[in-house]
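Undergrad: Protein chains in written order, with our numbering: chain A, 958 to 1322; chain B, 46 to 336.
Since the hints were derived computationally from the structure, they do not count as laboratory data.
Every value quoted in this text rests on a predicted model; they were computed, and no experiment measured them.
One or more hints might be untrue.
[As the list claims (entries may be wrong)] With a cut-off of at most 35 Å between alpha-carbon atoms, the simulated DSBU-like pairs for lysine-lysine come out as follows:
hint : chain 1 : residue 1 : chain 2 : residue 2
1    : A       : Lys1293   : A       : Lys963
2    : A       : Lys1306   : A       : Lys974
3    : B       : Lys232    : B       : Lys209
4    : B       : Lys174    : A       : Lys1310
5    : B       : Lys232    : A       : Lys1293
6    : B       : Lys232    : A       : Lys1306
7    : A       : Lys1310   : A       : Lys963
8    : A       : Lys963    : A       : Lys974
9    : A       : Lys963    : A       : Lys1306
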Amino acid sequence: MRIVFKTDYMQDLRPWKDGYQLSLYLILIAVAIAAPFVVDAFFLGELTNVLIWALAGLGLMVLTGHTGQASLGHAAFLAMGCYANIILIEAGVPFVLAFPLAGIITGVVGMLIAIPALRLHGIYLAIATMAMSILVDDIIVLTEPWTGGVGGKYAPSINVFGLMIDRWGTPVEFYFLTLGVTILVTLGYINLLRAPLGRSFIAVRDSEVSAQAMGVDVARTKAISFGVSCAITGLAGALMGLFAGAFNNETFSVVISIQLLMMIVIGGLGSIHGAFLGAIVVGFLPQFLSIAKEWVGAVIGGSNVAIPGLEFGIFGLILIVFILFEPMGIYGRWLKIRTWFELFPFYRKDMFKRQKSYLKTERLR
Amino acid sequence: MDTLQLLISGLANGCVYGLIALGFVLIYKATEAVNFAQGDFMMLGAFVTIGLTNTDYMGLPFWMALPISIGIMALLGYLVDRFVIRRMFGESQTSVVILTIAMGFVIRFVAGVIWGHEPQSLENPLAGKEVSFGGLVLGMEDVAVIVVTILLTWFLYEFFNRTKLGLAMQGASQNQLAAYYMGVPVKRVQGFIWALAGGVACIAGILFAAKGAVDPNTGLLGIKAFAAAVIGGFGSLPGALAGGLIVGVIEPFASRYIAAGYSQIAPYALLLAVLIFRPHGLFSQVRVKKV
Chain A
958 MRIVFKTDYM
968 QDLRPWKDGY
978 QLSLYLILIA
988 VAIAAPFVVD
998 AFFLGELTNV
1008 LIWALAGLGL
1018 MVLTGHTGQA
1028 SLGHAAFLAM
1038 GCYANIILIE
1048 AGVPFVLAFP
1058 LAGIITGVVG
1068 MLIAIPALRL
1078 HGIYLAIATM
1088 AMSILVDDII
1098 VLTEPWTGGV
1108 GGKYAPSINV
1118 FGLMIDRWGT
1128 PVEFYFLTLG
1138 VTILVTLGYI
1148 NLLRAPLGRS
1158 FIAVRDSEVS
1168 AQAMGVDVAR
1178 TKAISFGVSC
1188 AITGLAGALM
1198 GLFAGAFNNE
1208 TFSVVISIQL
1218 LMMIVIGGLG
1228 SIHGAFLGAI
1238 VVGFLPQFLS
1248 IAKEWVGAVI
1258 GGSNVAIPGL
1268 EFGIFGLILI
1278 VFILFEPMGI
1288 YGRWLKIRTW
1298 FELFPFYRKD
1308 MFKRQKSYLK
1318 TERLR
Chain B
46 MDTLQLLISG
56 LANGCVYGLI
66 ALGFVLIYKA
76 TEAVNFAQGD
86 FMMLGAFVTI
96 GLTNTDYMGL
106 PFWMALPISI
116 GIMALLGYLV
126 DRFVIRRMFG
136 ESQTSVVILT
146 IAMGFVIRFV
156 AGVIWGHEPQ
166 SLENPLAGKE
176 VSFGGLVLGM
186 EDVAVIVVTI
196 LLTWFLYEFF
206 NRTKLGLAMQ
216 GASQNQLAAY
226 YMGVPVKRVQ
236 GFIWALAGGV
246 ACIAGILFAA
256 KGAVDPNTGL
266 LGIKAFAAAV
276 IGGFGSLPGA
286 LAGGLIVGVI
296 EPFASRYIAA
306 GYSQIAPYAL
316 LLAVLIFRPH
326 GLFSQVRVKK
336 V
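Bound conformation, chain B alone (with noise of 0.2 Å):
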């Protein structure tokens, strides 16, 4: 029953760190771009729905700014690719990965002058209650959480594959030249992509912040979740929610098992460890490179 009660925590964990990873395989998907900020993101949008929810700010009710925070974050993630990612346009992965990291810096500056250092917990009406069955007592918040994400991942999986939309990204991400002479309006397609990223960051924010606190550097989860996301292969949507999944069960059972010191290692040996035997990752999408 115990290991029981670490799984679920574990997987309620899981689930955050997946669905910042599924922000950082949506963009690279359609933008052959990775999105170093992705964790900032999170955690600004975190920010921005404490600030239109919680009694010290706005207050405004929770499912009314809920909506109001997520359009705000996929706003701000039209606008960055608009005005910034859209001027890199066909330039080195390495010079957009280093321009991302840059933006997160300045994020996490800005959020830090707005809203403080200190860890703030998102108001929210599933806080402190409890779900049991079969003896096993679940927090709302981590039911939440799991549901939400498995539903998320599930809509973007079928969004990919299966509408045009979702076709011209993919599209878009693996030749530009090509997609443009397919008609497909690459550029438009970047900045849709970004914004649904944003949303998608928000969402996970959301979450984040109602489970536990927030503080600007939340963000830096976002290494975590990028462990998640090579753990899962970059490119593969499922592989995301799954590696986010295997991160975050990993660390309970580590800190429980394993001496301490060594316990906080193994997200990024595993890493490492994937990295060396799988470069792709577990659910690989690469062939040979042809010339």
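If we strip away everything but chain A, and leave its shape as in the complex, we get (with noise of 0.2 Å):
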């Protein structure tokens, strides 16, 4: 049982609640950073691949986690952060430029997007989206001088200040670049939901009639919103387009904004983490099934089959599970868990139980 005493109103301001919770976060880093020395290229790749999709994750979790918009197409943003980054590197706009210009690009996209897209509530703003994640891949193949179209695009090598990263040449050097991206994005995020403009983005999910009420421009920070968690989002496809090395108008489909949303649902929405503990399912998920299915081979004794679809069908049931017994995803049940050890004889079971509700329609007749 550990009690944090508050001594002074700093601590209600600071990002970290005491010492203790600071230095875990610290050694977490000093262990991402030790990674590389201690672990062989491939598992070095799949950490990149999980700190990429966790990128993009932090992205969707500003908007669907923080805000309560749900977005059933981020897809097209990564694909449009993945073409800018590229398209900008070919004209000759050096990386560190182009990296940021990348993601400032799609933010502001993202927001002019959200402008007509904020008259929609809930359900009809996923359906919207999902449309458009349909329609970047034809608009991908229709824009062929600049995208390359069904032939796709190659990644070339960037330059960070002379030094020449590859994902293939140099996987330790790529995997610094995505770590400290990821580190820096999470950081701003954190400020942000200590600030006035992150804690509107929550007063308008918990309730937009409130947050009208209290002097929230719920408009304006939807846009903002918007824009915040395309510009992340863009950022993290820019990334994901040097480390696949090459992809075309079929890489960012419909399946992956869909795979995305599901991802920070089964990590836990509304908190940072989510998005870490989502990605790390997503990541390692297929190699897990592969080494399952080797296994369950063995065992049975039968040759190893491969099953089309089983990846998807057995994220889906995961997906259920979480929603139906643990709809505030890994996140929540850890906090369950801590809460159990830090009030170690008190914990009670109904302590996270949530209200009863009762639904309502929107349509009045």
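Both chains come to you apart, so use the hints to assemble them.
TA: Here it is in structure tokens:
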């Protein structure tokens, strides 16, 4: 049992609660920095992949987890960030400039798209963004002179202050690049949530009407949330493109959008941890499945059969189980376990029980 | 005459979209939830019927397999509600949406394991027959699709507006708590509507499999049906059919008259336009939200 005594006001304002929590995160960062010297190249690639997914998850988390606007179209912004980055690099812009520019371009476009989309609520917004995600495939083909269409594009090695970085040639450097971007974005995210803007995101999520009553400009808040979300997603897309090496119109399909949304739900909506935990599940599930398949094959004695669609089937099943039994995701489960330990003899089963609610229609006739 | 032929085939396709959209609207109207797995339900219904009818599988006579498979799908719809959706009672729409998307993934996987990934067609007595009037040649299946869809829409429309159960469903959707006070067994009503949606999905699947071939990914057609439902306005049954017909008719005409590459955009572009200019569909039911 551990009690945090609050002795000064800064404790409520600081991003971390106390020295103990801060040291935990510092240890985590130290482990992440030490990782390339311990694990082999294959596993390092997987780690990089997880970090990129986590970054994309952070992007969607701003919009869905903290502003409450479900988007089924974030693969569109991944694609936009990816193509913007590569096209700028090919035009001769150095990577150090092209990368943030890709994020900014995606953010601005996202904000522009948000303006009509803001009139839509809940399910309609999800459908509109999904339609957008489907359209992106065709748009990439139609704008072939810039995007390379069906033939796709290849990511060049990038030059960061004279250091050539390539996903295959120098995986360690690429890992550090990804890690650096992820840490910076996460710190920015934590700060955003402490700022008035982040608070107004959460207010809009919890109740638009009350937020408006408290003086929050709902439309503006949603538009900014869309912009921030798309900018982060754009950065993730740029890294994803560099990581994949080659991509075309089918790389960022609507399935990626859906997977991204499912990922943050499994991780835990409305928490930064959730994006990372979800990314770990998404990143390692294929590896885990192939190991499990080998193991099952060895036990049954049959040959290693390929089952198409297995990954998505299992993924869907995990998601159903989570939504039914742990709607707050992995992070929610962890919170409960942690609270149990922190309050050791005093934890009660109903502490996290949600209020029973009844649904009312939005159609009034 | 060419245009007319295009129109008819578009209408027949549109009817299938309309039928899936009907499933969406049924569930939305009665439970305020959106079933993203409706397209996969349709695919499953088609496969169940194929499994019962086709000579490769059980080889039952077509007219006997028909009610059995509709019954199976209705039962499945009920079970899905009983064991999955009912636990989500009163939760936000978004979580139900994500849940049904995940369900769609699982259904697609299961269907792939049972029936394989090859496209299969339903053996049916109407196959290959044609009717012609006035120089217009129509496949018997197309005619059947159109007739069945219109009858079904009319039946469901009357059911919702005239019967006690239909009204109870509307009440349950608009305000669950108030419906309880009025003595509506909200949960049982929900179970019934999911069964109904399962049955409708099965009919759509049968018609689709009779016209063409299904494979586990056919369920993704649901996205187009989704566009149809939105274009028609989510809460309206005739709207869903109209939306389906609009999408179905636009498709062949777009691919005929618009340059390749732009044509497949047409339904989605229409969807976005409708969402931007009439956010609640062409046959809207929404009033301004009051507090």
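Undergrad: Indicate, hint by hint, whether the structure satisfies it.
TA: Do the hints match the structure? See the list:
1. Lys1293(A) - Lys963(A): Within the cut-off at roughly 22 Å; holds.
2. Lys1306(A) - Lys974(A): holds, 25 Å
3. Lys232(B) - Lys209(B): holds, 16 Å
4. Lys174(B) - Lys1310(A): Given that 35 Å is the threshold and the Cα spacing comes to 61 Å, the pair is violated.
5. Lys232(B) - Lys1293(A): holds, 30 Å
6. Lys232(B) - Lys1306(A): holds, 26 Å
7. Lys1310(A) - Lys963(A): holds, 27 Å
8. Lys963(A) - Lys974(A): OK: Lys963(A) and Lys974(A) at ~9 Å, within 35 Å.
9. Lys963(A) - Lys1306(A): Distance ~27 Å between Lys963(A) and Lys1306(A) Cα, so the pair holds.
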